[in-house]
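Protein sequences appear in the order of chains A and B.
Residues in the first sequence are numbered consecutively from 1, following this note's numbering.
Residues in the second sequence are numbered consecutively from 310, following this note's numbering.
Keep in mind that the hints are not guaranteed to be accurate.
Only pairs whose alpha carbons sit at most 30 Å apart, straight line, appear in this in silico DSS-like list of lysine-lysine [unchecked claim]: (1) A:40 - B:489; (2) B:554 - A:301; (3) A:40 - B:554; (4) B:396 - A:41; (5) B:314 - B:499; (6) B:314 - A:41.
A few chain B residues facing chain A, derived, Cβ under 8 Å [stated by the list, open to error]: (7) 327; (8) 404; (9) 407; (10) 453; (11) 454; (12) 484; (13) 496; (14) 537.
Source of the hints: derived by calculation from the structure; they are not laboratory data.
Since the structure is predicted, the reported quantities are computational estimates derived from the model, not experimental observations.
All C-beta atoms in this analysis are idealised placements derived from N, C-alpha and C, irrespective of residue type, glycine included.
Next come the chains, spelled out residue by residue.
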Amino acid sequence: MRATREGYVEGLLDAGEKDRRVIVVDGDVSRSTGTTAFQKKFPERFFNLGIAEQNMAEYCAGLALAGFIPFYSTYAVFAAGRAWDQIHTSICNMNLNVRIGGAHGGTSVGPDGATHQALEDIAITRVLPNMTVLVPADANQTRQAVLASLEIDGPVYIRYGRNPVAELYNRDETVVPGRGRLLREGRHACIIAAGAMVATALEAADMLSKKGIEVSVADMTSIKPLDIQLLKYLSDITELVVTAEDHQITGGLFGAVSEYMSEHCPRRIIPVGVNNRFGCSGTPEEVMTHCGLTADAISGKVEKTLKIH
Amino acid sequence: MVSPKVIREDILRMIHSAGSGHPGGSLSLVEILLHLYWKEMKIDPDNPQWKDRDRLVLSKGHGAPALYSILARRGFFPTDKLETLRKFGSGLEGHPHMQSLPGLDCSTGSLGHGLGIAAGMALGLTIRKSKARVFCILGDGELQEGSIWESAMSIPALKQTNLIAIVDRNHVQLDDAVDKVMPIEPLAYKWRAFGWAVAKCDGHDMVDIEKAFSNRTDKPLVIIAETVKGKGVSFMEDQALWHGKAPDSEQLRKALEELE
Ligand SMILES: Cc1ncc(C[n+]2csc(CCOP(=O)(O)OP(=O)(O)O)c2C)c(N)n1
Ligand SMILES: [Mg+2]
Chain A
1 MRATREGYVE GLLDAGEKDR RVIVVDGDVS RSTGTTAFQK KFPERFFNLG
51 IAEQNMAEYC AGLALAGFIP FYSTYAVFAA GRAWDQIHTS ICNMNLNVRI
101 GGAHGGTSVG PDGATHQALE DIAITRVLPN MTVLVPADAN QTRQAVLASL
151 EIDGPVYIRY GRNPVAELYN RDETVVPGRG RLLREGRHAC IIAAGAMVAT
201 ALEAADMLSK KGIEVSVADM TSIKPLDIQL LKYLSDITEL VVTAEDHQIT
251 GGLFGAVSEY MSEHCPRRII PVGVNNRFGC SGTPEEVMTH CGLTADAISG
301 KVEKTLKIH
Chain B
310 MVSPKVIRED ILRMIHSAGS GHPGGSLSLV EILLHLYWKE MKIDPDNPQW
360 KDRDRLVLSK GHGAPALYSI LARRGFFPTD KLETLRKFGS GLEGHPHMQS
410 LPGLDCSTGS LGHGLGIAAG MALGLTIRKS KARVFCILGD GELQEGSIWE
460 SAMSIPALKQ TNLIAIVDRN HVQLDDAVDK VMPIEPLAYK WRAFGWAVAK
510 CDGHDMVDIE KAFSNRTDKP LVIIAETVKG KGVSFMEDQA LWHGKAPDSE
560 QLRKALEELE
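Pulled out of the complex, with its shape left as it was, chain B reads as follows (with noise of 0.2 Å):
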């Protein structure tokens, strides 16, 4: 497995060398990614399309960048595309287009679409049966639009237990805390009270993370992944104005100096 490290490094590069793009919450994505790629997900870097491969839906798709180092480093493409992200004709789209880049199963981008089609393709899986499984990753802030919840009452009706959602919870969203624009919480309890097995981690420890997707329940699992939006450069850690900003060749200096 890489390092977290050189996954945060790839990011800060690619987002610097864009002008944009979503550093925030693609650096606390990084240690849930890379559990899902090397430890979780059954997959084929070299048959992408694999019929029975895990899937993933990355439905906070601005946390692109994120993705895509770990595609490159997992070996669907070579690592020297990444700073072509964003670029014109580059298959690196700002938020993920399935028919440009291998590795993807799905495209997302608008907020509150990935949860239902996670479920449709688990379902799609059950009925070919297939054992594959189908994970699903949901921004904190992304769990306010009203689609997360009407999936989240139909995954449990139809007993859907090959689908894990992943709460991505960095407690931000774009123009600031989630607790100050609409509060989500007491957040495990929704779920549980819409039929779900709860687990929650640590996000930035791999242990942690390994110990919540043990879980075997006879529910649909959802983890809720305590993290640090900005994790890993002091300067954006918690800071909404660092959802959807490019660092400047000093402030990437800075940020990778800083990374562990």
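Pulled out of the complex, with its shape left as it was, chain A reads as follows (with noise of 0.2 Å):
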């Protein structure tokens, strides 16, 4: 087990080492971020601005304009939306190259609570013309998801989390955009899960298999731009899928499966994920089972509409 957290660091160290125009910004939180690893080995281009994550935003739209890869890093909840604005307009709306490091994401930050969990950050950088959004599932693919950014033209917000979550890659299983990964092929239903979750679903499938129920799971990564390819050959295998996230349902993974198959290739779609509501402090396993993000009760809802059908 370790945490997502581990793995940006890995990558923007080697980041660093692969390409010089790599510069790493923070918001007085490098502790939190990571960051510091940066900053020692790379004193130069590493720059600490102070608790003000509109003006670091702003910072890498210039540096990106000048022809630098920016990456700014501060919790999730602020990176992506404290700084807004300044990414719809300024990073978006230019199509810049900054790099977008959202920590502590979802419920992984537990005892802080609701002001420092966030679970709206898929559904408000996903929603931004030009941005890529990729959520890893655990530590080597965030280190992939982080090299795969400099070979993408446009603005990249890559999210991770403190929790240790089960490793699931090995170090050179790169991270490509717009491809996800099955993980496991059943027909019975499919469960496409992001991030942390992605273990969870794992889980579930395991627990389903018991009951003669099999499962595909399939970890989508690439947020936006989403693997159609992985989608079309999902709904052709089944009928039902669930998605899971640790995230609010509205706008995250389930808005966006949801907004591509109901187009293309319509299927019964049922979200696991924060239900309309705000989060609160408990370790990140308490705020999980509160939320509903749990094994259990992805396999209850594989079961449960199984039956009714």
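Dock chain to chain to rebuild the complex, using the hints, since each chain is given by itself in its own frame.
Structure follows, in structure tokens:
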């Protein structure tokens, strides 16, 4: 088990090595985002701009215009939310090569409570033209997402967390925008998950299998652009889709999958996610259970829906 | 009034039992909050929703443990609730959540929001012809947020003298010293240039604090309280590392031993 934050930091270090245009900017949370490691290795390419997220986003827009590839990192709730107008109007509107690292994504920040849990970041970044949105599921994949972002023309949002999650991928498995991964195949239903919920979805699939229900599990790392080939394939082999995300149901993975499938390959789609509420303090596990983000909740929805059918 | 030591003990015990939280910026707040809740603010713990009460916006919401201890000791809720800090369903959320606990006038935790909210509250009270005042406590690192200065500009423009801002000037933020991350000096000069009256005090000296609050001016008042982050615990004092870290059992024992 490793936090995806570890992969983010490894990715930044490798990216800094690989490409001298990489600059890392932080907003007085470098010990939480992990960017202190980059500061140590490349002090001349690291800037801590203090507690001023909007200014940080504008600096990155300017750095990109000057030919650099800036990564700014802070808690996802501020990275995407506080600086949203800057992301919309400066970064996305000019299609700039800014990379935004959203730390402490979802409920992973547990005890800090509602103000620090980013449950809307995917929705508000995904809605922006030109933006790529990557939500890796484990540390290795997060490292690869950072490296993949170097090849993308335009802004990229990468969400990561601080709660350790199961390791699913080896170090060299690349991340490709517009590509998800089919981790398990079964025809009774399919679970499309992202981020920390991928491991939970695999758990749910095991539980269901013991009851004779075989489900597919897809990791939709690239929420924007979506892997439409994978969605088409899944719609060919199954009638029921369940999405699973550590995020509001509205506007996130459920939104993205529903938008595509309703137009191109309609299937019944059931969401597992945070249902129109704010987070609260508690261990990440308690908060996830409270919000219904568990393997039980996923398998329960699959079973119940299959029975009704 | 309870002694600062009692509040500091509460803070350390609460954060220890929670296993996470912000000791540094809670310990620096103790005397300021004691003054506010025992000497300055018109409040009624039996009627926390009293319409004409004075209000506090703890804009640096991570100082919640200090505020919770003060509210409990002042009678807003039982002190045995304090040990449930940051636990699921306890109401003592990691950052203040006003619907979850009596005595909270505002939910905070994202830095840079509080002064604007306090300004709106103060304006509303003025419109209602209430005599109540609004107090807003800001972190010194928090002053780096641009939104603070938007409010700093509008409050004097609207002649809002029923609002008092207090800066917990402990010279340290999350990553490092404020001077190293992003200097904010000359601070008094900045506030004055925006149209404020500025008072300074030793934020750990009750007499000095009282004097600062007694300033009467026709401008909005900001009090720059010189404090020590982690005040009272030698190994936490001035240490950015203790901004957001819980003491383990041994550290708690040492810390409690040191408190005066
Ligand atoms: C908008 C926002 N950005 C970042 C943070 C994370 N954070 C919490 S406390 C803190 C440092 C605050 O420093 P200061 O204002 O000096 O407070 P104090 O020293 O009194 O603890 C930071 C960066 C936050 N809570 N809100
Ligand atoms: Mg400070």
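Evaluation of the provided hints:
no., hint, verdict
1, A:40 - B:489, "holds (16 Å)"
2, B:554 - A:301, "violated (39 Å)"
3, A:40 - B:554, "holds (22 Å)"
4, B:396 - A:41, "violated (38 Å)"
5, B:314 - B:499, "violated (34 Å)"
6, B:314 - A:41, "violated (43 Å)"
7, 327, "holds (6 Å)"
8, 404, "holds (5 Å)"
9, 407, "violated (11 Å)"
10, 453, "holds (4 Å)"
11, 454, "holds (6 Å)"
12, 484, "holds (5 Å)"
13, 496, "violated (14 Å)"
14, 537, "violated (19 Å)"
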